[in-house]
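Position in the sequence shown counted from 1, then plus 295, gives you this note's numbering.
Because the hints were derived from the structure by calculation, they are not lab data.
Each hint can be trusted.
Quick list of the computed label-pair ranges, beta carbon to beta carbon:
(1) 413 with 327: 42 to 50 Å
(2) 440 with 420: 28 to 36 Å
(3) 427 with 620: 49 to 57 Å
(4) 415 with 500: 24 to 32 Å
Think of the CB as a built atom: it goes at the ideal place given N, C-alpha and C, for glycine as much as any other residue.
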Amino acid sequence: MGSVTTPSSDRRATVSLFSRLRTAVGQADPFPIYAELRERGPVSPAPWGGFLVTGFRTCDEVLRSSAWLEPDARWRERQGASTRWSAPSSREISRTLPALNPPDHTRVRRSAGNFDRTTIDRIGRRVDRVVERLLAGLRDRLHSGEADFVALVGEELPVVTIGDWLGLPSSDFPRLRELTHDQVFTQELLPSASQLARSDAAMDELRAYFLDLVRERRRRPGEDPVSGWIRTWDLLEPDQDKADEAVYFLALFVLLAALETTATLLSTMALLLVEHPDSWNLLAAQPDLVPAFVEESLRYDPPTHVISRIAARDCLLEGFEVRADDMVHLLVGAAHRDPARFSHPESFDVRRKPAHLSFSGGIHYCLGAPLARLEAQALLRRMVTHLPRLTLVRRPSRAPRVAFRRLMNLDVALA
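All chains should be built: construct the whole structure from the sequences, respecting the hints.
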């Protein structure tokens, strides 16, 4: 169990470090700050309460253990009406699959089905065609000068992939992408009041959109996933309104998960490829290394830098007393640079044995991980074989976030 650590002085010591993390400089490169936090040990008291976990082993154990739960709707209700957890967007997101605990999680996950080999192969054929089209557009723009990879490729591929799979009109894609970016603030580490207001408005619009979609698919069912979920939930739930709401939450979850983090993965991967020009020729000559490059990108700078859990019961965590309902923030971005787990963690090494927590772990391991990998690998293979070498025009800017990384632009030109 270990000895008990008194957190008060340690908590104060993390305030300045975390303040730096929330600046534009800190968000552009949080890893030196993570290193300073990690020097205090694998667990540090958070300035606002709860704990920050920076050690890979400890993060991995928390994610896999049933002693740690999602901050679900019941937990959020216990936090009180005056907290961020009472915001409408927070209450709404708490009913999606990633925020559920057993037995609710088990029931909903089973109803969602799996991205099995047949499904992935079918989506993969579509992804290949979309990648070719997007890279052709990028190549045309590059011949005229610089181009923004994020706008032309990184954010387009995920929304087209998941939108086509769900059977959504392509004219809706730009607005759905904007709403996805706005709603994510309710899942941030410490959102401001204005950010929560943006999330609330976005979530309200997303709810109306997907409930309309479910009603339309009920009137005109097809072979799409939403129609399939309706058939599944009609067997599970006799109340049609409740069944439709369950399908709405599944469709909402799939869209949000597929767009936000996958877009960040694709753009970050492209940035790393441009920053490591030797990799371009290496991957072109050895395409079998493409999956390893994707996995190392996920380790080196993951789309999600923070995953939060709550304690199911009183316990000790690396010597700190944690009470039931206390929250711990797993800083996976820091854990991925933990020298106790990785040799030369600050180096980008495509030949490194894959190991990361980017898709979470345990029962909450990301349902869409195969799809994210499919998109990333398809894009990377065609980039190194169908594009000339690229160079970075200017350093990209990032969205004002700590937990959910997002490149706002990636301006490139022909090398």
